[in-house]
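A.B. asks: Guided by the hints, dock chain Z onto chain R, whose structure is given.
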Amino acid sequence: NAGVTQTPKFRVLKTGQSMTLLCAQDMNHEYMYWYRQDPGMGLRLIHYSVGEGTTAKGEVPDGYNVSRLKKQNFLLGLESAAPSQTSVYFCASSYYGGNNEQFFGPGTRLTVL
Amino acid sequence: GDSVTQMEGPVTLSEEAFLTINCTYTATGYPSLFWYVQYPGEGLQLLLKATKADDKGSNKGFEATYRKETTSFHLEKGSVQVSDSAVYFCALSSGTYKYIFGTGTRLKVLA
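Keeping their order, the protein sequence lines are chains R and Z. Going by the working numbering, the first sequence opens with residue 1, and the numbers climb by one from there. Going by the working numbering, the second sequence opens with residue 1001, and the numbers climb by one from there.
Nothing false has been slipped in among the hints.
Calculated pairs, DMTMM-like style, for lysine to aspartate or glutamate (alpha carbon to alpha carbon, straight line, at most 25 Å):
| id | chain 1 | residue 1 | chain 2 | residue 2 |
| --- | --- | --- | --- | --- |
| 1 | Z | K1098 | R | E59 |
| 2 | Z | K1068 | R | E101 |
| 3 | R | K57 | Z | D1002 |
| 4 | Z | K1077 | Z | D1055 |
| 5 | Z | K1056 | R | E101 |
| 6 | R | K57 | R | D26 |
| 7 | R | K71 | R | D26 |
| 8 | Z | K1077 | R | E101 |
| 9 | Z | K1060 | R | E101 |
| 10 | Z | K1108 | Z | E1076 |
| 11 | R | K9 | Z | E1042 |
| 12 | Z | K1077 | Z | D1054 |
| 13 | Z | K1098 | R | E30 |
| 14 | R | K70 | R | E52 |
| 15 | Z | K1060 | Z | E1076 |
| 16 | Z | K1098 | R | D62 |
| 17 | Z | K1052 | R | E30 |
| 18 | Z | K1098 | R | E101 |
| 19 | Z | K1108 | R | D38 |
| 20 | R | K9 | R | E79 |
| 21 | Z | K1077 | Z | E1063 |
| 22 | Z | K1098 | R | E52 |
| 23 | Z | K1052 | R | E101 |
| 24 | Z | K1098 | R | D26 |
| 25 | Z | K1098 | Z | D1055 |
| 26 | Z | K1108 | Z | E1042 |
| 27 | R | K71 | R | E30 |
| 28 | Z | K1056 | Z | D1002 |
| 29 | R | K70 | R | E101 |
| 30 | Z | K1098 | Z | E1042 |
| 31 | R | K57 | R | E101 |
| 32 | R | K70 | R | D26 |
| 33 | Z | K1098 | R | D38 |
| 34 | R | K71 | Z | E1042 |
| 35 | Z | K1060 | Z | E1042 |
| 36 | Z | K1108 | Z | E1016 |
Keep in mind the hints are simulated off the structure, nothing from the lab. This structure is a prediction, so every number in the text was calculated from the model and none was measured.
Chain R with its partners taken away, still in its complex shape (with noise of 0.2 Å):
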């Protein structure tokens, strides 16, 4: 099993552009999440999914979509790169919520320039 993977793993975009990041999980889970990790600020998610075909917004999650059309792809999606988007994106699957241990990508770190 590849467990959660992501890619690309290192992108720098100019202000403005566009561009999607992928998550893909081999385990069957029901549950996907977008995180991002800044200095100081530990995990914020940003949106987050609990089946396929469904989305939610998180705690952060202006200047961003989401898309989850399999069960085991979530895709992460910026229309417009801002500099404040600089930090590493992490995605995560759970089985369900709750008592369930998050597995984690090795993360994709964005540098909007």
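C.D. replies: Only chain Z this time, still in chain R's reference frame:
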């Protein structure tokens, strides 16, 4: 709302020293509590968890006890190794989709 507070780092210890990383929480209801570890360049991975009061989670020599009376879940290890150098995150989940993470504590162990 729910929150997690953990001690600021970095924490620097010599090999074989005793480790404590403090974590306290605020939550309604009865959350599950977790410790995750992040090694350089990697994602977070679960270290241990506890799902009810007085439970002790343990893994790889690390332990933490769910203390409802003090709303704490402190991480301990009796003898740290250089390979334990990482960032440690305390987290809680209140039974829905939502996980709340602390800001992380960086541990550096010197040989």
